[in-house]
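Visitor: Dock chain B against chain A, hints included.
Protein chains in written order, with the numbering used here: chain A, 1 to 442; chain B, 443 to 726.
Be aware that one or more of the hints could be misleading.
DSS-like, lysine-lysine: derived pairs with alpha carbons at most 27 Å apart [what the hints assert, rightly or not]: (1) A:K76 x A:K56; (2) B:K624 x A:K374; (3) A:K56 x A:K46; (4) A:K374 x A:K417; (5) B:K498 x B:K657; (6) B:K657 x A:K374; (7) A:K417 x A:K391; (8) A:K374 x A:K391; (9) B:K657 x A:K151; (10) B:K657 x A:K373; (11) A:K276 x A:K417; (12) A:K69 x A:K49; (13) A:K373 x B:K624; (14) B:K566 x B:K548; (15) A:K276 x B:K566; (16) B:K566 x B:K498; (17) B:K631 x B:K566; (18) A:K417 x A:K398; (19) B:K631 x A:K374; (20) B:K631 x A:K276; (21) B:K631 x A:K373; (22) A:K69 x A:K56; (23) A:K276 x B:K498; (24) A:K417 x A:K373; (25) B:K566 x A:K46; (26) A:K398 x A:K374.
Distance ranges between label pairs, derived from CB positions [what the hints assert, rightly or not]: (27) B:Q492 x A:Q371: 30 to 40 Å; (28) A:K69 x B:Y703: 57 to 67 Å; (29) B:S480 x A:E84: 36 to 46 Å; (30) A:R388 x B:N512: 47 to 57 Å; (31) B:A620 x A:K417: 23 to 33 Å.
Read the hints as simulated data drawn from the structure, not as lab findings. Here a beta-carbon is modelled for each residue, glycine too, at the ideal position from N, C-alpha and C.
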Amino acid sequence: MFESLSDRLQDVFDQLGRKGKLTEDDVNTALREVRMALLEADVNLKVAKDFIGRVKERAIGAEVQKSLKPSQQVIKIVNEELVETLGEPGRLNLSGPTPRVIMLVGLQGSGKTTTAAKLALMLRRDGRRPWLVAGDTYRPAAVDQLVTLAKQLDIPYHEEGTSAPPPDICTRGVQAAKDANATVVILDTAGRLQIDDDMMSELEAIRDLTQPAEILLIADAMTGQEAVRIAEGFNERVGLTGLILTKVDGDARGGAAISMRAVTGVPIKYMGMGEKVDALELFHPDRLASRILGMGDMLTLIERAESEFDEREAEKLQRKLMKNQFTLEDFLDQLHKVRRMGSIGQILDMLPGMGRLRQQVNIDNEQAQQQLKKVEAIIYSMTPAERRNPKLLNASRKRRVAVGSGTSVQEVNALLKQFREMQRLMRMLGKGQMPRIPGMFR
Amino acid sequence: MFGATEIDDDTWEDIEALLVQADVGVPTTMSLLDRMRSRVRSEGITRQEQLIEALKEELRGLLIEPTPLNLSGRELSVVLVAGVNGSGKTTSIGKMAYRMRLNNRKVILAAGDTFRAAAIDQLKLWGERAGVPVIAGQPNSDPAAVVYDAVNAAHARHAEVLIVDTAGRLHSNFNLMAELVKVRDVLRKVVPDAPHETLLVLDGTTGQNALSQAKKFQEAIDITGVVVTKLDSTAKGGMLFAIQRELGLPVHYIGIGETMYDLVFFNPTAFVDSLFENGNGESA
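Chain A extracted, bound-state conformation (with noise of 0.2 Å):
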């Protein structure tokens, strides 16, 4: 866990203990943190250090707003200029004559097989008619990958096996396709590093002979310093006219985009956020620069915990909880909606400025997520008029319980009263009353 730019940048500028105008010495100090926070996070150097400079130039002699302190108005200028460097998410390029062909290259592994699919799955849901073509005869099975994907979902697709070199496949899945009245052909190639000639010039014959509209290379969010020279390679052999960003799902911080955004000057156009086939997102650059510097991803947290809770529950929800009817069910239910949000870890992480109070406390994942799952195993080990009225539970009954569930008497009886302290809050609010929270006021 790294410390995020706003706690380390707050730290300097506590010790300099200066308010103002911020004065070069301020900028040289804050921005030296400005500068690791970016190599911990991936950015190559020679990006870092041009970034530094640009920043520099904008800070030294801000006048420092009112509202906020030095650290702030530092980091507001970080901020703001990486997301200039970041650049607004480009949309795909589907004008022109039919079928447009979108070619999809890379390193192995990337991630281009996945995506191809993502790409016409999200193609087809805004109307458009989506053709695959299984252009990568190397990697074993990687032919029988893409059918797969486009049988599972209904895709038509060209594949000729690995009998024909990927140029003449490629060529025949855009006319194939342009037969079949397709609107849009995505070219799956084979993964290839930037430096194998052989392999490069194979992509140049591709792309001469199917004309495509969109050359997007496909990087996966963990590289590191190699991002500025695969992204160049690739560039400078086929032209790229944008990135799709894979594996954002983890925890990287995903600096590798800046490094070929920067050197490039292609539009980022996708994230990939998971291994479902429509973890497919737009790329917002506001909530990549918050990550990149550490500093959560307060939007990504919030349209999860939306996805999950929907108004209407909430508000039924709400009468339960006025009306004295919250059962063990319902606070359950609202368990397994936190926990699909991600892990206890993964939501701190988005929160800002939880980065130090993490360190702080040192959260345990893992036994965060088994105490949920020993609340789970406890509720479920009891009948359905149990879970509905939790009074009935006298000792034997709760000795049963806690042998079904894995756990002890004592267990069962802490998660009872932790539930009976929660109802009493809900009557209390309902009625109106400020609830006095135990351990809040010391």
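Guide: Here is chain B on its own, set in the frame of chain A:
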């Protein structure tokens, strides 16, 4: 001139740049620079060449001497292979199986990645290439069940080594990591002391996230060693220093290409030297 030194601010900046650009990471780079500065003072180092040699020594000191895989002295040895998506697990398994078969070991593979489309076919093709049998279940079936079947098959066929492929998973995904723990636990139940080796496959082009990957997989399933892939690229794989220093995990193999022969033993000295070479194998 007496006391003249070739080592100035630029030298230090160059070294910092070299290390950071090799993905060594900020904390390791900073501690190396501190160490080198004190060595320059105490040993009176004045020439850049001496400095580079001393730095290589320090880097070499961070790496663990690779040990052979612990795969003999019992009826059946089990290797569990894990890693994030696209790191090169299946390819590395194919190459390892080929190596072992060349050494006259009786190897069997378990297609434990039942999730990704065609992952089973991919391992089967590698099995054919390497000339070793592959035990597989249906796509989307329980990987723990496949592993269980594979152990039975290994016993029946008197195999000496069973290598278990698993689906790629991000270390931050709680549910998928729990599934991996389950696979490991099934192995433990059916073979005493298994898995005997638990290998993490790391993509050599990964940056600082590699440490986070190694830590999380380590916590979940007690990694015993590492395989680093894609080192035929211009990436330097410098994140290995932090991983070895913090977690003490040996690197067994590195992947350097797509053919069956492109898996070689990790050589710490050569690895350190490669940090100082540019893409053409020349000294930088």
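Visitor: Which of the stated hints cannot be reconciled with the structure, identified by number in ascending sequence?
Guide: Structure breaks hints 9, 11, 16, 20, 23, 25 and 27.
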